[in-house]
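Got chain A; can you put chain B on it based on the hints?
Number of protein chains: 2
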Amino acid sequence: VAERGALMEAEIREQPRAFAAAVAAARSVEAERPSAIVLFARGTSDNAALYGRYLLEGVAGIPVMLGAPSLANLYGAPTDLSGWLAVGVSQSGATREIADCLEWAEHHGARTLAVTNEDDSLLAQVANRALVLGSGPERAVAATKTYTAECAALAALAYGWSDRRPDWAAVQAGLDEAAAQEPDAELSEALAAAPFALVLGRGYHLPLAHEVALKLMEACRVWATGMSWADLMHGPIAAVPERATCLVLAGDTTLSASAHDLAERLVGLGIRRHALASTPGVDALELGLRPLVDAIPAQLAVLAAGRRLGYDPDAPVGLTKVTQT
Amino acid sequence: VAERGALMEAEIREQPRAFAAAVAAARSVEAERPSAIVLFARGTSDNAALYGRYLLEGVAGIPVMLGAPSLANLYGAPTDLSGWLAVGVSQSGATREIADCLEWAEHHGARTLAVTNEDDSLLAQVANRALVLGSGPERAVAATKTYTAECAALAALAYGWSDRRPDWAAVQAGLDEAAAQEPDAELSEALAAAPFALVLGRGYHLPLAHEVALKLMEACRVWATGMSWADLMHGPIAAVPERATCLVLAGDTTLSASAHDLAERLVGLGIRRHALASTPGVDALELGLRPLVDAIPAQLAVLAAGRRLGYDPDAPVGLTKVTQT
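Listed in order, the protein sequences are those of chains A and B.
If you're matching positions, the first sequence starts at 699 in the working numbering and goes up one per residue.
If you're matching positions, the second sequence starts at 699 in the working numbering and goes up one per residue.
A hint or two may mislead.
You can't tell identical chains apart in this list, so a pair holds if it fits in one copy or across any two.
Pairs of lysine to any residue, SDA-like flavour, derived with a Cα cap of 20 Å [what the hints assert, rightly or not]:
1. Lys1019 to Asp929
2. Lys1019 to Met931
3. Lys1019 to Arg963
4. Lys1019 to Ala704
5. Lys1019 to Glu712
6. Lys1019 to Glu816
7. Lys1019 to Gly834
8. Lys1019 to Ala708
9. Lys1019 to Asp818
Keep in mind the hints are simulated off the structure, nothing from the lab.
Bound conformation, chain A alone (with noise of 0.2 Å):
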């Protein structure tokens, strides 16, 4: 009998293969820099898709709207995307709702672009172009490896579309030796033991923080939110259960002044803090690009919760691997 989460481990520790596939295929399609991108995804896709929003931006100064899915499927909006790229992302590539935004983008002036894991899914048959990641088969429902494999590919793309040239290998060696790690024990434990978490991010890493929440449910059944710390001082810091963990991802060390103000307040309320500063070395990589990174240790303590906890985030109960709605 194969030990809980096998898959998921498996496939957390071949990201950075996962990722530098999803590099090359990047840098090998044909794709003209668009005036604005919009983008359609869900769930894990869709983290990948905030990630890329920030890079698209923050690199290529691209504009980029995130898609409103209703807004193509359910009420025809009459949406102009003259000069548009609209990009659907999608590890399976099945999902029916994703293919309809890009059909109903095409239909408004966009060019399309699949980027997915399947190469003959129904996403990259309705595509004007696919971008293949090669990641190979993912077989945890608990997405990992597609999700870096996203996340690089929009990253490439973003950089491609601009003239500035980031280290891909520097990237790749921190990928190789976060991969080699073992999960930190102190921080699955505190995960496990949570009936909540908060996991907080800013900027570049709001997107992980999303992910590593959404991966905290699928994995370990903990309700968990991932949040801005601007946002959560909007309101809902007067709510933060007492018996919450908060994972700060404290990466981005242009904001370690505002991270450090948000441990104290965190230490005020009494809420039990964990931070997850970036893997040592990593801070020589440009800021946009550590997420990618950080994404395996925090990976790696959600597998070790949810085994603690009991759980198979490879196989978890009332989810599949593709979701229609």
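Coordinates of chain B only, in the frame set by chain A:
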């Protein structure tokens, strides 16, 4: 001694007037139809901005990006915003961060518009034009009437940039009726009893789901998450706490079948579920306008829940009317 939440209650019941003033203000502001829009806001105003995003795209067909303050202020993103309109939404107009976002946007080619309740505020001074809501002073920390006013102003801009003419008088009548009601006792009891609340909406009702969740956190210190139920199915459904109260905003009748499936799923999980259908008569309104009216019964229920819990929603512990981060 005034009753707890007296200010909040008065301001909830002033919403018909705040609505009328905001629509009039929006119709008199001179703003040319932009090719695309970026919205900047925090907290309650961010929920109003999300509503604006749905109306501006769904009614006027204008693509809308929700601006990331960190890209503007922290990373200085090189975004090309030629032809764009940047809109800052802030009740007080005093949030430095949002004013900075508009200055950044103007520097990158956008025209700028402030949507604010204070005509001599920082935001109004910084922007090319100001849409001043005319709601009268808002004194409860938990904002209600300026939420409705901001939503109404953005909706009026959306219709003004389209060839559709909404039935404002019918919205006004719906607001008048809703504002005269007493809170739903069963719902407020359920909200007060919950250690955790999940507020679900889709499409045009999604922003109200986020706003009701924020009000619950501010006024009741109940941790709450606002979410699309499509997103809920992509993972979080596995982790909804058994003792949660779930409020489904079911006012969008095009989603009735989907809402029914959701209800069955929640019942199967043993989740305590309440539905908030639209106020009677509101079904005659265009879909996008119904959430303006549906806000009121939700706000009244949250206020009543806060009172049951012995809190004062006018001055929640740890919060101030203007937040700077």
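A quick look at each hint next to the structure:
no. : hint              : result
1   : Lys1019 to Asp929 : between (31 Å within a copy, 14 Å between copies)
2   : Lys1019 to Met931 : between (35 Å within a copy, 11 Å between copies)
3   : Lys1019 to Arg963 : between (39 Å within a copy, 18 Å between copies)
4   : Lys1019 to Ala704 : within (16 Å within a copy, 49 Å between copies)
5   : Lys1019 to Glu712 : within (19 Å within a copy, 48 Å between copies)
6   : Lys1019 to Glu816 : within (14 Å within a copy, 49 Å between copies)
7   : Lys1019 to Gly834 : within (15 Å within a copy, 51 Å between copies)
8   : Lys1019 to Ala708 : within (17 Å within a copy, 49 Å between copies)
9   : Lys1019 to Asp818 : within (17 Å within a copy, 53 Å between copies)
Taken one by one, the earlier hints all hold for this structure without exception.
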